[in-house]
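Novice: Here is what each chain is made of, one letter per residue.
Number of protein chains: 2
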Amino acid sequence: MNKSSGILLGLLWVTMGSVMGQTTTQLPLVRYVKPIIGTERMGHTFPGATVPFGSVQLSPETDTIPYSVDGKYQPDVYKYCAGYQYDDHTIVGFAHTHFNGTGHSDLGDFLIMPTTGKLRLNPGTATDPDHGFRSRFSHQSEEASANYYRVDLQDYGIKAELTTTTRVGIHQYTFPASDSAHIILDMMYNIYNYPGKDIWTYVRVLNDSTVVGYRQTNGWAKNRTEYFALQFSKPFKSYGYKNYSTTEPYIGFWRRFNMSKNFPLIQGHDIRAYFNFNTTSGEKIELKMALSPVSYAGALANMQAEAPGWDFDQLKKAGQLAWEKQLEKVKIQTMSDSDKVNFYTAMYHSFINPTIYMDQDGRYKGLDQQVHNAKKDQFTNYTTFSLWDTHRALHPLFTILQPKRAGDMVKSMLKHFDQSIVHMLPVWSTYGNEGWCMTGYHAVSVLADAVAKNIGGFDAQKALTAAVTTATNPLYDNIPAYEKYGYIPDSMSGTSVSTTLEYAYDDWCIAQMAKKLGNQQIYQQFAKRAMNYKNVYDPSIGYMRPKNKAGEFRKKFDPLETSGEGFIEGNAWNYTLYVPHDPKGLISLLGGDKAFIKRLDALFTTYLPDKYFAHTEDITRDGLIGNYVHGNEPSHHIAYLYNWTSQPWKTQSTVRMILKSQYHNGPDGLGGNDDTGQMSAWYIFSSLGFYPVAPGSDLYNLGSPLVKSASIQLENGKTFTIEAVDQSPENVYVNKVELNGKKLEGKTISQTDITNGGKLTFYMSRKHGK
Amino acid sequence: MNKSSGILLGLLWVTMGSVMGQTTTQLPLVRYVKPIIGTERMGHTFPGATVPFGSVQLSPETDTIPYSVDGKYQPDVYKYCAGYQYDDHTIVGFAHTHFNGTGHSDLGDFLIMPTTGKLRLNPGTATDPDHGFRSRFSHQSEEASANYYRVDLQDYGIKAELTTTTRVGIHQYTFPASDSAHIILDMMYNIYNYPGKDIWTYVRVLNDSTVVGYRQTNGWAKNRTEYFALQFSKPFKSYGYKNYSTTEPYIGFWRRFNMSKNFPLIQGHDIRAYFNFNTTSGEKIELKMALSPVSYAGALANMQAEAPGWDFDQLKKAGQLAWEKQLEKVKIQTMSDSDKVNFYTAMYHSFINPTIYMDQDGRYKGLDQQVHNAKKDQFTNYTTFSLWDTHRALHPLFTILQPKRAGDMVKSMLKHFDQSIVHMLPVWSTYGNEGWCMTGYHAVSVLADAVAKNIGGFDAQKALTAAVTTATNPLYDNIPAYEKYGYIPDSMSGTSVSTTLEYAYDDWCIAQMAKKLGNQQIYQQFAKRAMNYKNVYDPSIGYMRPKNKAGEFRKKFDPLETSGEGFIEGNAWNYTLYVPHDPKGLISLLGGDKAFIKRLDALFTTYLPDKYFAHTEDITRDGLIGNYVHGNEPSHHIAYLYNWTSQPWKTQSTVRMILKSQYHNGPDGLGGNDDTGQMSAWYIFSSLGFYPVAPGSDLYNLGSPLVKSASIQLENGKTFTIEAVDQSPENVYVNKVELNGKKLEGKTISQTDITNGGKLTFYMSRKHGK
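Chains S and X supply the protein sequences, listed in that same order. With full-length UniProt numbering applied, the first sequence covers 1 to 770. With full-length UniProt numbering applied, the second sequence covers 1 to 770.
Take the hints with a grain of salt, since some may be wrong.
Identical copies look the same in the list; a pair holds intra-copy or inter-copy alike.
[Stated by the list, open to error] Here are the simulated lysine-lysine pairs, DSS-like style, with alpha carbons at most 30 Å apart:
hint: 1; residue 1: K375; residue 2: K234
hint: 2; residue 1: K484; residue 2: K237
hint: 3; residue 1: K484; residue 2: K261
hint: 4; residue 1: K261; residue 2: K549
hint: 5; residue 1: K404; residue 2: K331
By construction, these hints were calculated from the structure, which means they are not laboratory data.
The whole structure should be built from the sequences, with the hints applied where relevant.
Specialist: Dropping the structure here:
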């Protein structure tokens, strides 16, 4: 690596030629970010450009394949969650909104595709790209780094480059000479592509280089409207569109216009528009696409504020500097560069979702479909809360690395609660919509964690009220039955056991919050509910098991099976260990220390036969370790449970084993969905040597660091340092831990230990201690 | 008539038993208003409740029949323009938005229907009402007066009463005893009912008596969203809905809710909701439905401002007083009560459209789909401009009776222009949408008329710019060809002749405006264009006639035929006389005085054979006088053209003949569409003895008054009085006219003559003068 002479805002830019074969000038930590990690198969990450927590995620789309089930047209809601699959060979265009690593899909707003030659307005198919506007591409020409993506569109000889600001996607297309160059604006493209998804599309051509509009969709988010303002660096010579909708109730006097060509108002259900240019060889055309949740006037204002001019490189660098600043929060020394790539890519993936969801002026559309102003309410509004996943480690990570944002996220959730007609905190919320995905009411975990850790910036009493209202909601997922029986009866839910277990943990969170806020009545009510996990444990077989209303356990039951046995994204083997708030109680329930250790050992070694694996969602075979499913979240705390046994060293070796086996530098580097950063947050915590087994408490459990050292720059100005003395690939065991030079007797550190600044020293060894 | 003792706000309420068989307490002039006039067949008026220019028109719907054309499902866009047809025997409910007297349809928002017994969510059919929620009714139980409608819903024993404020519809339902009373909120009901019209429906149940939401439709107005807030005077005991949409892309985790019953968020394409009650015998349940073009919060605020409590009678009276105040602007003495009914009903129908289209706080949704604030711009925003119809007499009438509103309407049109992406003044605009219905750019006539009459309240120079921009718009209806050829060539338009004629008149309006504003260049440009009418006149046959690009007239041509001969809503007979701005020139073109008189005489006497009548749109046979079509607007000025001949008395007799033959007191009292008040405005002007033949000038042409006397109370505080000395049914001729006691030599009076106040005296006679 040669240091370049370029110094921008005091940061060093370096010319790299080593990591993944790319030669480019990059920032010291940004150069370790490989957005391509997780883009192959199950990771569901996207390789495109974004700034930290940016509203725009501008990324290539390689396909969106609807398929047929029993003759009924179905979208592929799963494979193309991020729009991009590394194994594909064609690109259909570049869209501006994406989830990072989810297991269900939506978004993909406003696909842009540059082409030359005959105008084609259909995307074509992967097997027959020549009959559509899509283009072949090769990974050879591809570069994916933080806030920058480039690729050559081979069929057209166009070089495509992408970068972003928070609310603006910037495209730079280098064209060949052509008298028929086109830029297609495909308003029909959807991630999660289903007939009838497009409710309405509205486009206004303001002048020869500015276009505004919106699209309203009924997808995972049932009622989502995204507004845009699009500007071209060069005026188009002509434009037009095609409406693919088959129902158009009234045409009438509109017929007097030739609306398909150069007519500045375009609206309907299913629209693809195009803009024509003449280009010279090597001519660059830039596009800026600003988004807004409120109006196209808001989008225009966002563009004016963030990207008023035409300087692709400047905006690219500014965004990369923003990333560098985020990555610098944790400076690490590692045993290998590949660990650094994993680590900083995990940092990168952790800081994408939730995304900022408001205009520059603070206005956003709430869950109540009304326009609100976050600036007036003194917070930044965030959206895309995949809480079943992220309450475990991503939100706790924010409490350390992003406490200001963590407070704003809680405030965003409390606003969601205010706007919810069913009086619920978010479950899986995105873009002013609630999709209810997965189980539990884990927003309460995030709230309790923020209260426990004194994050501030929100009304804690209100948070408690919202949590209790949510947890006693008569409409939501069998809560009345749960309150009545102390568990959800088998007949009432397909996930009666896992939901009961999750409710019990969430209830413990509420109890902790109530305790801290001095509400004894709520504390006792929910501390009692937190013990409900015991109600679904069947001691006769040693597993959590579905139970009917009469209190009898289901007869036919297979603890290895994930599907149809009362659980979701986990079988009884894994979920029986899901009592993060009371490992001691669980160990006792499962027969004490030895039995429990045996159980944990078996989990990591029992081979899961194929017939069971087929029903294990969201992961590849590599995402399994024995029967432990790292690619799904319910087991994320399990490696740390050895800490409560007489063999805590097994936490250390297991964590190190998972870090090595589940995270790689390649496109297939994630064994399961990144789940908006939860998988990555697990990596960051575990690499640093500690993990939040039970968010809602202010404690982290110690594991075995992968780093040689780390220095965490806190927002309060203090620094928390981690050192692993005698670190090596073999020295996975921790024989002693010191906090500020003083030996730690327990297996935990607290949030205050971190936020006070100081040093945590791990003494590593090839052999385990006691 | 007995005067009652009730005196409210200084106005006398009288108990009536005479007019149309209704016994009720009514105001002195309001009692002459019979909203039922025009509800049978072609009038397309609605009988329901509204206040003057009210945003809400709450009226019964008797059906909306989709029919099949060549096996393709079609809406009946015509018959049910107002939702109600007098000859029907069932009512499907009461909706809150209607056009008055149009020839195309839309609206019908938010149908409410009270029922008892088994819940039925489909409307049923007229021939089989028992299988739907509709009810039989009889005109015996019906009362339709200004701002009040009542009817008995026979199938349920429910008495329904309706009244309104500007933005709120108030329902009062008197129920029988029932443990299964329902109030249905049908969000699928549409006037102009077409599959796919409902784009999206959103309903939130805020509490046990308040519901808010919106509906977005793609109808005549392609992209219209209307918001509502609904409040019940009594809490409902339960509620639910059914989604009739066949496409619902994502359900997923929504399945965990029983969304069909008591679930407070209802959304989808096609929704019918219901609310259940127990009722005692004679129990009244009141409903308030507030509308907003902006948001449901806006609708709630509108309700709070206009109808905060529960006093149906009070609001009814307040609205009727508002009507009385409007009607008092013209106090008349007539030869018969039936003339008074015609006159004040015409006043009523003239003051419905355009409607106020903004929230209490001034916010409204513009043509650009953005929210604007009219209060900040110091005007009241109006919508529903049926300008092809209304520029002729309705807008001129406003310049006399509603000058403040006339200025605001011009300002509303100029805002429309600002918001128009195609830079056009409104053509047929409604609810933030442009539908382009009919021909011409007649908004310029309204602007020119307002400038000519010094209406004020708007920027006249801007009006001129908007007019010129509109009239030279390269996108709109063959304007480039019109500019190139001086007429629209036959091959380019199905209405090449009538559009050329209308453009020529509109151009004259622009010329007048330019002249007054001192822009000589524009004056000359458009004064020249105004003579283009001559270019489509074929002297060889004596008719306006389609002409091709080479300047040759179409060979095969039938001047009696309305369809396919280059005209719209009029044949060559009528349209050849359509040069309102240059009767002198026209007379010369058509062969001079004698030939012209002969032509006019023939028009009113030539029987139009059935084969031609079949193609004469929008009127009944009674709407014809010979071949003169009063039910369609292009002939509205024709009776006054005798004034330019040597036999002006024929204007007098013809006008009186039309007044008597085309307007009656019954439900079928209008021979053609009221066209948002144009037919009614013609009646008012002609009854008073003068008419605006060429709006855009400040002159009115004298006819023969029907009233014995009239006193016009002007907004400037002055009074203009009309007296018809020796008035009688036979004395239709005017032998002398005096203005303020001084004999008028010409056949005109000016706007200033009126606005200065004073007296116009007609001396009536059985024999015509010179």
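Novice: Of the hints given before, which are not true for this structure?
Specialist: Number 1 only.
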